[in-house]
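Student: Spelled out, the chains give:
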Amino acid sequence: RKEVEQDPGPFNVPEGATVAFNCTYSNSASQSFFWYRQDCRKEPKLLMSVYSSGNEDGRFTAQLNRASQYISLLIRDSKLSDSATYLCVVDSWGKLQFGAGTQVVVTP
Amino acid sequence: DGGITQSPKYLFRKEGQNVTLSCEQNLNHDAMYWYRQDPGQGLRLIYYSQIVNDFQKGDIAEGYSVSREKKESFPLTVTSAQKNPTAFYLCASSIEDEFYGYTFGSGTRLTVV
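Protein sequence lines, in the order shown, are assigned to chains A and B. Those letters in the first sequence? Residues 1268 to 1375, by my numbering. Those letters in the second sequence? Residues 33 to 145, by my numbering.
Read the hints as simulated data drawn from the structure, not as lab findings. In this text, a Cβ means the ideal position worked out from N, Cα and C, and glycines have one as well. Among these hints, one or two may not hold up.
[Unchecked claim] Every beta carbon over 10 Å from chain B, so not counted as near; a handful from chain A, in silico: (1) Asp1274; (2) Pro1281; (3) Glu1282; (4) Asn1289; (5) Arg1308; (6) Pro1311; (7) Arg1343.
[Claimed, not checked] Straight-line alpha carbon distances no greater than 27 Å define the calculated DSS-like cross-link-like pairs of lysine-lysine that follow: (8) A:Lys1312 x B:Lys46; (9) B:Lys115 x A:Lys1269; (10) A:Lys1362 x B:Lys46; (11) A:Lys1362 x B:Lys89; (12) B:Lys46 x B:Lys115; (13) A:Lys1269 x A:Lys1309.
[Unchecked claim] Stretches of chain A that chain B covers, calculated by requiring three or more beta carbons in the stretch to come under 8 Å of a beta carbon on chain B: (14) 1321-1330; (15) 1363-1375.
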């Protein structure tokens, strides 16, 4: 079993709609969680950290569910520029483990 | 502006050849990392270094070597022992506490010709 698993998608989303997707992790001792955004053939960029209480940054909301060992990302009012691959990142025994990413395609 | 610089952006390697990928950061970060990304897979850790003159193997270190002679620099050599080197290579750095996440360089795309 992979340490971090994501639905690869693609999630095809009409502009203005809401999209949400999850990421599951296997190490129950993990303490740090992140969502990164990666555009095609570019480096990943930190989108947001995920806190135990959940956190929101503009149109993006991240949640952590420790009991079920997953984190989620919700994007409201999707923009064309939100089209990207979203990487789930979880610390595991002091090292960050990356999911393979969920592709989101926002269509006009 | 502070950041991480990787060079070259594209690199072509012949069979049996060693090549070195450069990674330089001016963020004053202690820790540096090398990852490999293949299509449809998550980033896989090759090597990491948390302090000058010290580094540790990651999950896929075979066929790679690194050095950390300066805090700012963490070059990666892809040796001829790496049988499938074609991939996107990403260098990252962080302050000691991973809670703040990593900053990535723009990557080097290596192709075997």
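Student: Identify every previously stated hint that the structure contradicts and give their numbers, smallest first.
Tutor: 5, 6, 8, 10 and 14
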